[in-house]
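Chains as they are written, first to last, in the working numbering: chain A, 1 to 192; chain B, 1001 to 1382.
Calculated from the structure, these hints are not laboratory results. Computed from a predicted model, the values in this text were never measured in an experiment. Glycine residues also receive a C-beta, built at the ideal position from the N, C-alpha and C atoms. Any given hint could be a false lead.
[To be verified] Pair ranges (Cβ atoms, derived):
{"id": "1", "chain 1": "B", "residue 1": "Q1328", "chain 2": "A", "residue 2": "E114", "range": "42 to 48 Å"}
{"id": "2", "chain 1": "B", "residue 1": "K1024", "chain 2": "A", "residue 2": "I115", "range": "48 to 54 Å"}
{"id": "3", "chain 1": "A", "residue 1": "T122", "chain 2": "B", "residue 2": "V1229", "range": "55 to 61 Å"}
{"id": "4", "chain 1": "A", "residue 1": "I115", "chain 2": "B", "residue 2": "R1252", "range": "32 to 38 Å"}
{"id": "5", "chain 1": "A", "residue 1": "T80", "chain 2": "B", "residue 2": "R1252", "range": "37 to 43 Å"}
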Amino acid sequence: MFQIRFVAILLSLLLLTSCVSNWKRIDDKNNVYQNSWFTFNAPAGWMLFDRGDSVTLSRDGPDLQRIGVVFNEPDKAFPTIKKPASTNMLPSELAELTIAEIRASQKNGMPGMEIVSNMPVTIDGHQGFALHLRFKLDSGLRYETLVNGFVTLQGLYALYFRAPTLHFFNRDQVVYNKIIATFRVNHHVQEK
Amino acid sequence: MIVHQLLYFIFSLFLVSCAAQSIKSFEDANQTKNLSAEESRIWHASGEFDHGLVANGSIYADDRLQRYVQQVMDRLYPEYKGSIIVKVVDSPSLNAFALPNGSIYINTGMLARLDNEAQMATVLAHEGVHFINKHGLKQRQNIENNNIVSMGITIVTGVPVLGQLMGASSIYGFSRDLERESDAEGYKRLQDADYDTSQAAITFQYLLAEVEALNIDEPYFFSSHPDLVERIDSFTELSSRVPGRRGYTGQRAYQEMVSDLRLEMLADYLAVGKYQSVLLMLTNSNDFNRYPPEAKFYLGEAYRLRGEEGDRARSGQAYQYAIVHAPQFVASYRALGIHYMKTEQLQKAEKLFSKYLELAPDAPDRAYIENYRASLGTTKGD
Chain A
1 MFQIRFVAIL
11 LSLLLLTSCV
21 SNWKRIDDKN
31 NVYQNSWFTF
41 NAPAGWMLFD
51 RGDSVTLSRD
61 GPDLQRIGVV
71 FNEPDKAFPT
81 IKKPASTNML
91 PSELAELTIA
101 EIRASQKNGM
111 PGMEIVSNMP
121 VTIDGHQGFA
131 LHLRFKLDSG
141 LRYETLVNGF
151 VTLQGLYALY
161 FRAPTLHFFN
171 RDQVVYNKII
181 ATFRVNHHVQ
191 EK
Chain B
1001 MIVHQLLYFI
1011 FSLFLVSCAA
1021 QSIKSFEDAN
1031 QTKNLSAEES
1041 RIWHASGEFD
1051 HGLVANGSIY
1061 ADDRLQRYVQ
1071 QVMDRLYPEY
1081 KGSIIVKVVD
1091 SPSLNAFALP
1101 NGSIYINTGM
1111 LARLDNEAQM
1121 ATVLAHEGVH
1131 FINKHGLKQR
1141 QNIENNNIVS
1151 MGITIVTGVP
1161 VLGQLMGASS
1171 IYGFSRDLER
1181 ESDAEGYKRL
1191 QDADYDTSQA
1201 AITFQYLLAE
1211 VEALNIDEPY
1221 FFSSHPDLVE
1231 RIDSFTELSS
1241 RVPGRRGYTG
1251 QRAYQEMVSD
1261 LRLEMLADYL
1271 AVGKYQSVLL
1281 MLTNSNDFNR
1291 YPPEAKFYLG
1301 EAYRLRGEEG
1311 DRARSGQAYQ
1321 YAIVHAPQFV
1331 ASYRALGIHY
1341 MKTEQLQKAE
1351 KLFSKYLELA
1361 PDAPDRAYIE
1371 NYRASLGTTK
1381 GD
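Work out the full structure: start from the sequences and follow the hints.
Pasting the structure below:
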């Protein structure tokens, strides 16, 4: 019994340690984030978690506000509904598949999810979509999510912002909009 | 909050299971007002569930359909009018279930798949017997306590919430004997209410065909392959013993009532990318007759989403059919417009986009369509 408890505590500590080490604070002198796929100006003072082809940012904790920037190769664009992304798709079709992927990835299909708006946008010169979604957790807490995305020959680029409606969504939406405005697909990727 | 209600409900059931007493069925509606202490506790817990379902928005918001389903139940159980309350649950799962307090729930997913009123009456009659014969209480008396605990854990950890609530009722079915009892007495109710009893076995053949064709893998009683086979055997045996009666089928009335619901189900499937299910449901010409003509739009969407060779042409034909036979259904114009835009029939695309925005000036995707219209002028014509 003691051994099991000891191993469990040890594993938890290792997990926590590994999590902590991957979150990095963004300083205001070096706030341009760049990886193989994209570049954007990250908000100074926020924390950034880098997974290589995706990045998560938060200031007060991922449950309070979370901004994600994700690149997926065409075949892995919509894994739950098992649909690829392609440049033949119209922005409205990409938005449709994104909504289906979000719904399908929840066990109950998110019946209470409300699509507040679904509009075309241009991000770094690419025709894409901008979704505004609203939903309620079983606990009753209301959340809002913004999702932006577009597809190139290399794959699907998606950016999202999720925060509780109360206080955080309106406050931190400005930060998300700045990330969208500075978002660039890396040139060497475009030239591939 | 719902988990607390659930735990309380399970605890109540646990207490009842410990009380080894013989449980008699209700003989009339008056007896439902004269409950033992244990029964009162369970009824209270059931009532909490009822409120929970309403509070979390699980009840399907269609008063006309709700009234219709209640009328069918009252026709089956006239002496229990006001004691058995049926509600339609907004859930695509193939299920219906009874709570010990006489609340009976039938899912939109079940209603959308049945063919006529007699088939719906078969399901309701079966569930009504669970209530009148107190199968919930009887089952608990025969279950080992540890089974109840394990069931509770399954329910508590189960997602979605709706599944948690339904888990403590007839949702997973009762023992084989109790289910057979419900079949037999339910069949008698169908006869007495002058329904076409030949529909009883067909009901479950329908459901079984759906479960097999759509590869449905749900734990619920009415979507369980062995339970459905058992029901078919049971009703086939009943109809061979008791001469069948060609009573009321209620095909037209039922179609009218569930027509919108069937379309919503198709839309729900596409909303989670399940285009294969829509194709399976609509490509069989016999099954397609159950749907209104605008269902062809959803068939077109399913072909478009599948995107195999020849699907583009198939989707175009489906949209055209929908426009001809259901011209008021605006989504078909947009879909066919996009189809023409992609196949470079730009003038046709422009006409359809224009028609779409004329019919739906406040369409939520107006900005997209205006962008597409703008792009048509910059590329080559038809």
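Hints, one by one, checked against the model:
1. At about 25 Å, the CB distance of Q1328/B to E114/A disagrees with the hint of 42 to 48 Å.
2. One distance hint, 48 to 54 Å for the beta-carbon pair K1024/B and I115/A, holds here, with the actual separation near 52 Å.
3. For T122/A and V1229/B, the Cβ-Cβ distance of about 56 Å falls inside the hinted range of 55 to 61 Å, so the restraint holds.
4. Between I115/A and R1252/B the Cβ separation comes to about 35 Å, which falls inside the hinted range of 32 to 38 Å.
5. A hinted range of 37 to 43 Å for the beta carbons of T80/A and R1252/B is consistent with their spacing of about 40 Å.
Comparing the model with each earlier hint shows a violation of hint 1 alone; every other hint is respected.
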